[in-house]
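Generate the whole structure from the sequences, applying the supplied hints.
Heads up: the protein sequence lines correspond to chains A and B, in order.
Counted the way numbering that gives the first Met the number 0 counts, the first sequence spans residues 0 to 246.
Counted the way numbering that gives the first Met the number 0 counts, the second sequence spans residues 0 to 452.
For the record, the hints were derived by calculation from the structure and aren't laboratory data.
A couple of the hints might just be wrong.
Derived DSS-like pairs (lysine-lysine); straight-line CA-CA distance at most 30 Å [stated by the list, open to error]:
#1 A/137 with A/76
#2 A/137 with B/126
#3 A/76 with B/362
#4 B/126 with A/116
#5 A/137 with B/343
#6 B/362 with B/343
#7 B/126 with A/115
#8 A/75 with B/343
#9 A/159 with B/343
Only a predicted model underlies this, so the values are computations on that prediction, with no experimental measurement involved.
Take a look at the letters that make up each chain.
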Amino acid sequence: MAEAGNVVEMIGVNKWYGQFHVLRDINMKVARGERIVICGPSGSGKSTMIRCINRLEEHQAGRIIVDGTELTNDLKKIDEIRRDVGMVFQHFNLFPHLTILENLTLAPIYVRQIPKKEAEEIAMHYLTRVKIPEQASKYPGQLSGGQQQRVAIARALCMKPKLMLFDEPTSALDPEMVKEVLDTMVQLAKDGMTMLCVTHEMGFARQVANRVVFMDAGQIIEANSPDEFFSHPQHERTKLFLSQILH
Amino acid sequence: MSDIAFVRKEIAPMAPPPLAVGGILGWMRKNLFSGWFNIAMTVMSLALIALILPPLLRFFFFDAVWAGDSREACLGASGACWPFIKAKFGQLVYGFYPIAERWRPDIVFALGAILLAGLLIPRVPFKRWNSILFFGVFPIVALIFLGGGNFSLNQFIIGRIIPLAAMLQGAELFGLTLSFWLDFVVSSVLITAVAYFVANALGADGRFAARAAAALLIGLGAVLLTLDFDFGLVPVETRQWGGLLVTLVVSVTGIVTSLPLGILLALGRRSHLPIVRVFSVCFIEFWRGVPLITVLFFATYMLPLFLPGGLTIDGLLRALIGVALFSAAYMAEVVRGGLQAIPKGQTEAANALGLGYWQTMNKVVMPQALALVIPGIVGNFIGLFKDTTLVLIVALFDLLGQIRAAFSDPSWATPTTLFTGFAFAGVVYFIFCFGMSRYSMFVERRTSAGRRR
Ligand SMILES: Nc1ncnc2c1ncn2[C@@H]1O[C@H](COP(=O)(O)OP(=O)(O)OP(=O)(O)O)[C@@H](O)[C@H]1O
Ligand SMILES: [Mg+2]
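Pasting the structure below:
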């Protein structure tokens, strides 16, 4: 059963796309306050794995327990879990027809049923934290990529999530914008947020991760503390991967 | 030494953008005479205008007859015979609606225009109340005013089993059929009780179910009560309605019902539930597969043969339902086109925030999808508005029908009567359709303001 203090538990999780076995026997526990960086070659199933945690993808075997609630077909439970799990996407996925402020208050108002006034105060608080309060009344299309991604982070934070999932949050950004987003994420880590982050920003991994998880071909190949992971990789595939991304 | 190296020494100052050069002449040179193709197009367009415009102006204005009260005034003229339209105007607007009662359609027109203006003009406040009035209250008010109300209601549910009507011998109070209302109250109580027990048995919230059922029945009761009540209005059968009145009743009903129905069908066609999807696909493909004329014919002449004896549905109502379902199917495909253009990431982001299916659709997907397909939607509205004229073949006389009926009046038989009538019809249809078209462009500009993608 779920151990106290574990925000996510994945036990023997398997998933197939048709005949294709994308996730193979995934076992992973994420403790409260832990920050995990997931890396691995393209197509190794990183996105699929973290998307299973908030049921954007359905797993077919094994168990996923989020904050004490097991993910089943029960729609009510899925919605409950999604409320408490924030997600940031590679391509931001802001709502282009709403202003930044409306993007941030939509879910608090309609999902958490917070009065509009209060939701706007919360939104402005988080916009200030990601350092763009002056953009509140603009539309997403009028912001730079880095600003959009920071809005996306603030949007997730407005729901006061217990866990944040990041799927390559900086890989669609121009190089000079990567830093502003990473800074925001480092700040978030310092505040004690539980984070699961798919990224190839190894500097970020060294700086904030408690654990680095390496995936290949739908499996977890190796997991270790960042120091050990980067200086003494054990598995051949890890070594190969690291030699390719750290020149 | 190479000349690749460059270091800027001073920053270039901000300069204002260059002014447009040349005024009107410059504009003409750039837009009308910039090359041989452009010059040829300009000359041809001018020739076309010179060819078409003078005869039109002559027919509509210079050669037209403006005053007079019989065909003699128009006999010699080669332009439009406007006195003909003036003499027939009442008929063109109201059809055979009794002259003494024409204030009733007038009130409905005015009420509809005011509410619609309130909905369409963005600056007018109280949009929520306005739409409740327009979509909820106005149809009932219009129905009572136009038809006269005091519908005769017979049986609800229990009355079909127990002959209440015979027992109360058709007693009435303020036009209310007592047997029906006894039936309604008893049946409603029973339904509410059944809802309570069934919901409880299924493990759902019985009280909630009972309250929902009661609320629905009370709403239905209120509507039926208003319809049954005797306001002392002279009944006017739908067969007497005609002209612009019928055109507007049919098209407004079609427009107002086809959009929400179309949205539901479009969502149904993309649903993950097989039954919903199959139903939507069959419905859409059926209605798109048959011509509107067939639908109207079927509704009018064949449907009565299939209905159980004694049950009749008003002819106009049948046409209304036919038109509404027909255009809903087309609308569904337009809306689906919009839905397909919305990236999957939008739904995913909404879901990840905890928004449910309907919230996601309402707040995130639909506003974007509908904004994308405004031209298609309005195109459908315009098509529907013009197609209403097909009700002519099921013996309903819309604007065009009335005009054609007016041609057969020998006291207005002149060489130009026919052209005048059709010209008038063309102008009226054009005003409505052009209005819709312009309004849609206005909405498009508003929805896209400040939203670069
Ligand atoms: N909807 C789908 N249907 C079929 N196959 C899919 C689907 N989505 C992903 N896949 C496959 O599953 C595998 C894992 O995909 P996933 O997106 O999880 O990879 P990833 O590790 O996130 O890669 P990247 O670094 O490129 O984002 C890939 O081989 C991909 O082709
Ligand atoms: Mg991925």
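**Q.** List of violated hint numbers, smallest to largest
**A.** 1
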